[in-house]
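K.L.:
Put chain B on the given structure of chain A with help from the hints.
If you want the building blocks of each chain, they are given just below.
2 protein chains.
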Amino acid sequence: MTINYPNGKIYRSPIKEITKVKKTASASHAKRGMKLEDQLSESNAYYLQKGIAVIHKKPTPIQVVKVDYPKRSAAVIKEAYYRHSSTTDFNGIYRGKYIDFEAKETQNKLSFPLKNFHEHQITHMKQCYEMGGITFVIIRFSTLNRVFLLESQHLSLYWEKQHSTDQRKSIPLTYIEEHGYEIEYGFRPALDYLKALDTIIGNENK
Amino acid sequence: MTINYPNGKIYRSPIKEITKVKKTASASHAKRGMKLEDQLSESNAYYLQKGIAVIHKKPTPIQVVKVDYPKRSAAVIKEAYYRHSSTTDFNGIYRGKYIDFEAKETQNKLSFPLKNFHEHQITHMKQCYEMGGITFVIIRFSTLNRVFLLESQHLSLYWEKQHSTDQRKSIPLTYIEEHGYEIEYGFRPALDYLKALDTIIGNENK
Numbered sequence: 001m002t003i004n005y006p007n008g009k010i011y012r013s014p015i016k017e018i019t020k021v022k023k024t025a026s027a028s029h030a031k032r033g034m035k036l037e038d039q040l041s042e043s044n045a046y047y048l049q050k051g052i053a054v055i056h057k058k059p060t061p062i063q064v065v066k067v068d069y070p071k072r073s074a075a076v077i078k079e080a081y082y083r084h085s086s087t088t089d090f091n092g093i094y095r096g097k098y099i100d101f102e103a104k105e106t107q108n109k110l111s112f113p114l115k116n117f118h119e120h121q122i123t124h125m126k127q128c129y130e131m132g133g134i135t136f137v138i139i140r141f142s143t144l145n146r147v148f149l150l151e152s153q154h155l156s157l158y159w160e161k162q163h164s165t166d167q168r169k170s171i172p173l174t175y176i177e178e179h180g181y182e183i184e185y186g187f188r189p190a191l192d193y194l195k196a197l198d199t200i201i202g203n204e205n206k
Numbered sequence: 001m002t003i004n005y006p007n008g009k010i011y012r013s014p015i016k017e018i019t020k021v022k023k024t025a026s027a028s029h030a031k032r033g034m035k036l037e038d039q040l041s042e043s044n045a046y047y048l049q050k051g052i053a054v055i056h057k058k059p060t061p062i063q064v065v066k067v068d069y070p071k072r073s074a075a076v077i078k079e080a081y082y083r084h085s086s087t088t089d090f091n092g093i094y095r096g097k098y099i100d101f102e103a104k105e106t107q108n109k110l111s112f113p114l115k116n117f118h119e120h121q122i123t124h125m126k127q128c129y130e131m132g133g134i135t136f137v138i139i140r141f142s143t144l145n146r147v148f149l150l151e152s153q154h155l156s157l158y159w160e161k162q163h164s165t166d167q168r169k170s171i172p173l174t175y176i177e178e179h180g181y182e183i184e185y186g187f188r189p190a191l192d193y194l195k196a197l198d199t200i201i202g203n204e205n206k
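So the sequences go chain by chain: A and B. Each residue of the first sequence is one higher than the one before, starting from 1 at the first, in the UniProt record's numbering. Each residue of the second sequence is one higher than the one before, starting from 1 at the first, in the UniProt record's numbering.
One should not assume that every hint holds.
Same chains, same label: a pair holds when it works inside one copy or across any pair of copies.
As the list claims (entries may be wrong) - Distance condition first, Cα-Cα at most 20 Å in a straight line; then the derived PhoX-like pairs of lysine-lysine:
#	residue 1	residue 2
1	Lys126	Lys57
2	Lys195	Lys115
3	Lys50	Lys126
Hints in this document: simulated from the structure, not taken from any laboratory.
Chain A extracted, bound-state conformation (with noise of 0.2 Å):
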């Protein structure tokens, strides 16, 4: 639906933007409900106000082909479309470290489908880690309700594994259960994912 203001100009929300995510079943629990992209963007606007991080999920890329400039209001784009991005839909900065990641869902029960990661992602969050950032994937398991962070290093394990001869094209939940961090839903922030970057951090430290 478009909003327009009383002078005729139409309204653009600062915050909201359509995205191709689906939506997922609501739960009982409001914040569970929430889509997992919406729940990340909730808890960084928390981090952001207390100070405790700066972390934003990038702007969609789009490709815009034809534009109007009418007089005397905001150009308007008549012809455009969605681009894939080269590199993760999130980064930012967190206890001076260097933080970048994708965030996915599945309703998959047993484990983690490869597909839904692109090969530039993988690319981008290695290069990253290469230089010493912190770089790992928040999946949600939303028939479950369970969200894990999982760092890059795993997945491109996986990810490279899946084009030899045992052909494995998803990640088993036993595997992410063992080596990633489970994300407890809470209020404040919604998903409370630093936690998980203390222990990492922690261990780079020692």
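P.N.:
Here is chain B on its own, set in the frame of chain A:
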């Protein structure tokens, strides 16, 4: 111009994006004639390829209002608007440090107008700086063909002063010459701005 594939699908370039930056007078030296943003993107591609740093420009935030989903082809955005970003344009990682900056040009010869920046960009850089990030602006005096890197603390200083009694609305070139780092044009990378960061990081570690 729109280019179509033989199958009628529209060709979308993975790199170029329509930007609102005005073209500057072209200089004799090809690299100098490029827009600042392109010079930086080229430099970042070089740094990435050589494994020196991972720094990307964020996509322009666009508010999508109307999307068509034609059968058997990509979604077409039919109405959208440019939005203001809540962060800066560039961020990434270099030597394990979080890097965050904004790039701007002016045709002025004696000072850099503060109106080139937005309040939220100043706030964002301050937040990142307080977290331990390296935050700065890369400013180009296009008429003089001189480019400087200036740490965001200096910009903040002038930004806050502009509303006081003396009301200076720009940073004098002489101040930038004294407190910033001049970046020389090169072939590859076009603008080797990480050199200045080596000095900054070096001073931090002292």
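K.L.:
So which of the earlier hints does this model not fit?
P.N.:
2
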